[in-house]
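A.B. asks: Using the sequences and the hints given, assemble the complete structure.
Heads up: the sequence lines are chains F and V, in that order. Residue 115 is where the first sequence starts when you use my numbering, and the numbers rise one by one after that. Residue 986 is where the second sequence starts when you use my numbering, and the numbers rise one by one after that.
Everything hinted at is true.
Only pairs whose alpha carbons sit at most 25 Å apart, straight line, appear in this in silico SDA-like list of lysine to any residue: (1) F:K180 to V:V988; (2) F:K180 to V:E1054; (3) F:K180 to V:L1026; (4) F:K180 to V:V1052; (5) V:K1046 to F:H148; (6) V:K1060 to V:D1030; (7) F:K180 to V:A1039; (8) V:K995 to F:Q223; (9) V:K995 to V:L1026; (10) F:K180 to V:F991; (11) V:K995 to F:R291; (12) F:K180 to V:L994; (13) F:K180 to V:V1058; (14) V:K995 to F:D170; (15) V:K1046 to F:A190; (16) V:K1046 to F:H258; (17) F:K180 to V:Y1056; (18) V:K995 to F:D292; (19) F:K180 to V:D1030; (20) V:K1046 to F:I188; (21) F:K233 to F:D317; (22) F:K180 to V:K995; (23) F:K180 to V:M1043; (24) V:K1046 to V:F991; (25) V:K995 to V:A1005; (26) V:K995 to V:R1022; (27) V:K987 to F:L172; (28) F:K180 to V:G1024; (29) V:K995 to F:T224; (30) V:K1046 to F:G169; (31) F:K180 to F:N298; (32) F:K141 to F:H318; (33) V:K1046 to F:L172.
Distance ranges between label pairs, derived from CB positions: (34) F:N285 to V:D1041: 33 to 39 Å; (35) V:L1029 to F:D266: 31 to 37 Å; (36) F:E284 to V:A1009: 23 to 29 Å; (37) F:E136 to V:T1036: 48 to 54 Å; (38) F:Q223 to V:R989: 23 to 29 Å.
Treat the hints as calculated values from the structure; they're not laboratory data. Fair warning: this is a prediction, and the values are worked out from it, not measured in the lab. Glycine residues also receive a C-beta, built at the ideal position from the N, C-alpha and C atoms.
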Amino acid sequence: MRAAVITFPGSNCDRDMAVAIEKVSGKAPLRVWHGDAELPQGLDFIALPGGFSYGDYLRSGAMAAKSPVMQGVIAAAARGVAVLGVCNGFQVLTEAGLLPGALMRNAGQTFICRTVPLKVENNQSLFTNRYAAGQVIQIPVAHHDGNYFADDATLDRLEGDGRVAFRFGENCNGSRRDIAGILNAGGNVLGMMPHPERAIEQDHGGTDGRALFESVIGSLVAA
Amino acid sequence: MKVRIFVNLKPGVLDPQGRAVHHALEGLGFEGVADVRVGRLIELDVADSTTDEALDEMCRKLLANMVIENYRVEKLESA
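C.D. replies: Dropping the structure here:
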C-alpha cells in the first residue's frame, strides 16, 4: 500500500494525517508538496489534510483546488485511487468538483472546536467497513466553514445512493440534513469535516477515528 | 480595462453572515431593514482585448462557486 499526504501552503493537519496513516499501516506515507506537477507513481491512497490552505482566500479550499498537484489527484480519483479529504481537504474536494455541494460558513458564525458524536450512515464503503451500521462515534471537529450545502435534488441523490457516510449526531454547524461526510459516486473519494486523525490514540481522548484508517488501509492491503 | 465582478449567494441559500449583520443593524437602532445579504466585489484590471467569454470563464472556474453563488460582470470604460 502506497500512500501520500498532500501539503498546501497553510495546511496544518498534514503531520497528524501522516502519523495516523503510519500508526495504522506501519509505513510512513509520502509527503507531496502542492506545487508538484506530478504525483508519485503507483499511489493507492491520497489524503488531503485539514488546515487553512492559502489562508482561506476567496473561499475555503478554492485556491488549493486549482493548484498543480490537484490535476493529478483528480486523475487518480478517476482511476479509482482512494482519496480522503478531511476538513479543509473536504473543502478542496468540493471546490475541485470531486464531490458535490459546498461548505459554507457555520450557521452560528463561530469557529467550532470540540468533539462531537457522528453516526456512521454507510458502513459498506472503502473508508467505513470496520464500523458497525448506525454506530455512533466520537470525533473532534475544528472548523469555521463546515456548513454543508447542496440543493434538494443532490441531497436526495446522495441519500438514495448511500453516499452519506457520516451524519452529525448534533448539528453543530447548520449542515443540510446533518451531513458530516459524503462519498463520490465511485465510493473511492470521501470528504468529511470531522478529524478522524485526531482520534487515533488513547492520549487523544479517544480512538474512534482509527477504524476509518483501518478500513481503507485494510481494504487496500487486501486488494 | 477595469472590470468589477460582483459575487453573491444565490437566492434561497442561507446567508448566516448577512443575518448577523442584519441583527447588528437592528441593534444599532436602524429600522426598516428587511434583509441583508453579504457578497464580494472583485476588481480586475485586464487587457482591453479580454473577451466576455474569458471573463465568464474566470468567474465560473474560480471567482464564484456556482453551487452556491451567482456573479455579475460590470465593465468600466478605460480611462
